[in-house]
Each structure stands twice: as structure tokens, then as C-alpha cells.
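Chain by chain, the residues run as shown.
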Amino acid sequence: MIRTFSFIDVMYLVAAARWTLALTVTAFAGSAVLGLALALARIAPVAPLRWITAAYIHVVQGTPLLVWLFLIFFGLPLTGISVNPWIAAAVAFSIYGSAFLGEIWRGALISIARTQWEAGASLGLSLYEQLRHVIVPQSIRVAIPPTVGFLVQLIKNTSLAATIGFVELTREGQLTAAGTYKPFAVYITVAAIYFAMCFPLTQWSRSLERKLDVAR
Amino acid sequence: MKYGLQFRDVFAAWESILDGVLVTLFLSVCTMVGGLVIGVACAAARVYGPGWLKRLVGTYVEVIRNTPLLVQLFLIFFGLPSFGLRLDGLTAAIIALVINLGAYTTEIVRAGLQAVPKAQVEAGHSLGLSGLQVFRHVVMFPALKAMFPALASQFVLLMLATSVVSQISVQDLFHAASIVQSRTFRDFEVYTVIGVLYLGLAFAFRGLFAGIYYWAFVRR
Chain A
42 MIRTFSFIDV MYLVAAARWT LALTVTAFAG SAVLGLALAL ARIAPVAPLR WITAAYIHVV
102 QGTPLLVWLF LIFFGLPLTG ISVNPWIAAA VAFSIYGSAF LGEIWRGALI SIARTQWEAG
162 ASLGLSLYEQ LRHVIVPQSI RVAIPPTVGF LVQLIKNTSL AATIGFVELT REGQLTAAGT
222 YKPFAVYITV AAIYFAMCFP LTQWSRSLER KLDVAR
Chain B
14 MKYGLQFRDV FAAWESILDG VLVTLFLSVC TMVGGLVIGV ACAAARVYGP GWLKRLVGTY
74 VEVIRNTPLL VQLFLIFFGL PSFGLRLDGL TAAIIALVIN LGAYTTEIVR AGLQAVPKAQ
134 VEAGHSLGLS GLQVFRHVVM FPALKAMFPA LASQFVLLML ATSVVSQISV QDLFHAASIV
194 QSRTFRDFEV YTVIGVLYLG LAFAFRGLFA GIYYWAFVRR
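Protein chains in written order, with my numbering: chain A, 42 to 257; chain B, 14 to 233.
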């Protein structure tokens, strides 16, 4: 049955956006944990650790997110590990996001002058204490604007979860378009909802960049 | 459950995969060229144009950069036929990708143009150079050098992002994967092989861009 695209459909789309947000938050948490470990390993004084993590980042940044999504969703069940779309999407986005977040945070860590480490060392701080009390507090200022910018990328990328049948905003759009046969109106609405989520973050990232005055 | 990896069936379908690689390469190169043209035109409009044009380009950039490529693709492929504009998959894909990449390159080129210190432009003018001569001899080279690395990495990201066109049944590399998968049911092996191929393409493009950078900016 073909029904019209009405206000209630718009509300369904808005409601579906919460799954986009939920997936974004989950993926961000996963990316953050993995990304922090990667960033630290990339500057660690242990060479093999640096090589392995550098290779990981090159591989992940050199393959499409869709491949990770499909590899995990369709590939893993063959090895006996069963995954639902939620877990597959969360894992794929965490792997993908960690490579980008890891590089952003590594950049923030190495942007702090070498002399700051040395100053910490000369005060008798251990390597961990130097990192914890001297380097990280300063590099957070550098890291925050691009991290917020990365969040925008993540929100947009979650649309790919629609391809494995995860019902978030884009998938709900596909279903509504199929039901109402008004694809243009539906996808414009979907795009508008994405814009409403992403644009404020983009603006926030920009104002943070000015306020935290990274170039200083 | 024990599972043995078997790549033989996947490699047997190398012809489908090779076709996919060629379509992905074709899409990527078309989009890079188109996106660069749009980016340069829009950046010039945004830096040197009148106020209304700056706002128009600004809106284009913000709208595209804050919505997903997949939705833009669906809007063009499924939405435009409502207005009687029916495009085949490949055309719709190229249009969507060019519009998408154009917005990102606009920002990169704009940043590159503005990276040239104002004093150098003024110095050019005070030597009696015309606007075009200042652009040609003073602005262009350092601006290109400043924007090249960002442009190169954006292009590689774009090449990887072309994989979403498989969702409107364009027969690119990722689409080839689903065909081989449906024939062999070797999901894990197929997506591993496809992933490695994308990785190879990404390295090839990175190498090419690094070579161009060296040839154009370092060697002299």
C-alpha cells in the first residue's frame, strides 16, 4: 500500500535519529579507548610497539569503512562468532574511528615541546607522571577542536550502518521512501536531520579552535 | 567450530574483481578532476567574489560537509527521478561524488590561497604587476604547495569513500565483492581480499601524489 509522506513520518525519522546518536556515542567510546592506547603506543619509547601501531593505522586508514563493516558482520559468523548489526557496527566503527582519533591525539601529544618532558624529568617525575601532569593537560587544548570535528565525521559515517540493516536514520529513510514512494522529500528530510546534528558541532569545533587559540 | 580459510574460489573470480578495480579507478579519477575544478572555482569565488556569491558558496560547503555522502547519493539517484530527471547509476554516482568532493576541496584550496601572506601580494602590486600576474607569479606556487598534502589525503579518502556507490548498484570494486560473495559464500575471504585491494589502491595513490609533490615542489 502506498501512503503519503506526512508529519508522522517526519517524526519517525526524528525518532530514528536517536539510534544514529546512540551508535555515535558507542562508537566514540570504543574509538576513544582504542585511540588513546594507539596514541600512547605511537609515542612509546619501545620501537616495535610504534611500528605495529603505525602499521595498524596505515591499514585502517587505507581501507573503506564498508569493508570493515561487512568483514565483521558477514565474515565473523563463518568463524563461529555470531554478531548482530549493533555489535558489528559498534566494533567496525570503533576500529575505524580509533585509527583517526589515535592520529589526532598523537598529533596533540607531540605538539608539546620536547623541553616540557625534560623539565618534568628534571623535577624527578617518572615518565607516567610527566605524561599525566605536564604533557596531557597541555595537549588537551590542542586535541579538543579536532576531536569535536571527528565527531561530525562519525555521525555522518554511521549512515553506512544502514547497509547491514541497522535501523538508524538513513535506514529508516530507505524504509520510509519505499513505503511512501516520495524519495526526494524523505531524503531531504533525512539530510536536514543530519545537518541539524552535525552543523552545531562543526560550529562548536570552530569556536573552540578560536577560543583555545591553538596557533599560540 | 573450526573454519578453514579458502581463497581459491575468490581468486577464481579475479575477472569480476578486476572489472571492479577498473570502475573504482575510473570513478576516483573522474571525481578527483571534477572535484578539483569545482573546488578551485568555488574557492576563487569565496576569496575574491562579491558578498552574495561568498555566502552562496559558504552555504554549499556547509550543507555538503554536514550531511553523509550516502544520503547525498540517495537524494540524487532516487530523489531526482521525482522531477523527471532519471540518471543511470554511474552518472548519479559521479555527480554525487563530485559535488561532495567539491565542497571539501573548496575549503582546502581556500585555506591554501589565504596561506600566502598579504604582504607578498602587496609587494607584487607595488612592483606594478596586474591582478592576474600577481596570482600567476606570487600566489599560485606557494598556495599549491601549501594545499597539496591536504588535497592528496582528501583524494585518498575519496577513493575509499567511492565504495558507497555499490549501494546504488554501480559495479565498482565493493559491488564486485558482493557478487563474488553471493557466488562463493566465502564472505570473510572475499572482504579480506577486497580490503587488501583497496589498501593497495590507497598506497598507489599516496605514492603517486608523493611523487608529484616531490617532482613539483622539492626537486627544483
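Check before you lean on any hint, since a few could be wrong.
Taking lysine-lysine pairs in the DSS-like style, the calculated list, with each CA pair at most 30 Å apart, reads [said to hold, decoys possible]:
1) B/Lys131 / B/Lys158
2) A/Lys223 / B/Lys131
3) B/Lys131 / B/Lys67
4) A/Lys252 / B/Lys158
5) B/Lys67 / B/Lys158
6) A/Lys252 / B/Lys131
Hints were generated in silico from the structure; no laboratory data involved.
None of these values were measured; they are calculated from a predicted model.
Hints, one by one, checked against the model:
The straight-line distance between the Cα atoms of B/Lys131 and B/Lys158 is roughly 17 Å, inside the 30 Å bound, and the hint therefore holds. A C-alpha spacing of about 51 Å is found between A/Lys223 and B/Lys131, which places the hinted pair above 30 Å, so the restraint is violated. Our distance criterion of 30 Å between C-alpha atoms is met by B/Lys131 and B/Lys67, whose separation comes to about 20 Å. Our distance criterion of 30 Å between C-alpha atoms is met by A/Lys252 and B/Lys158, whose separation comes to about 28 Å.
Between the alpha carbons of B/Lys67 and B/Lys158 the distance comes to roughly 24 Å, so the proposed pair stays at or under 30 Å and holds. Restraint check: the Cα-Cα separation between A/Lys252 and B/Lys131 comes to about 24 Å, which is no more than 30 Å; the hinted pair holds.
Violated hint: 2 only; the structure is consistent with all others.
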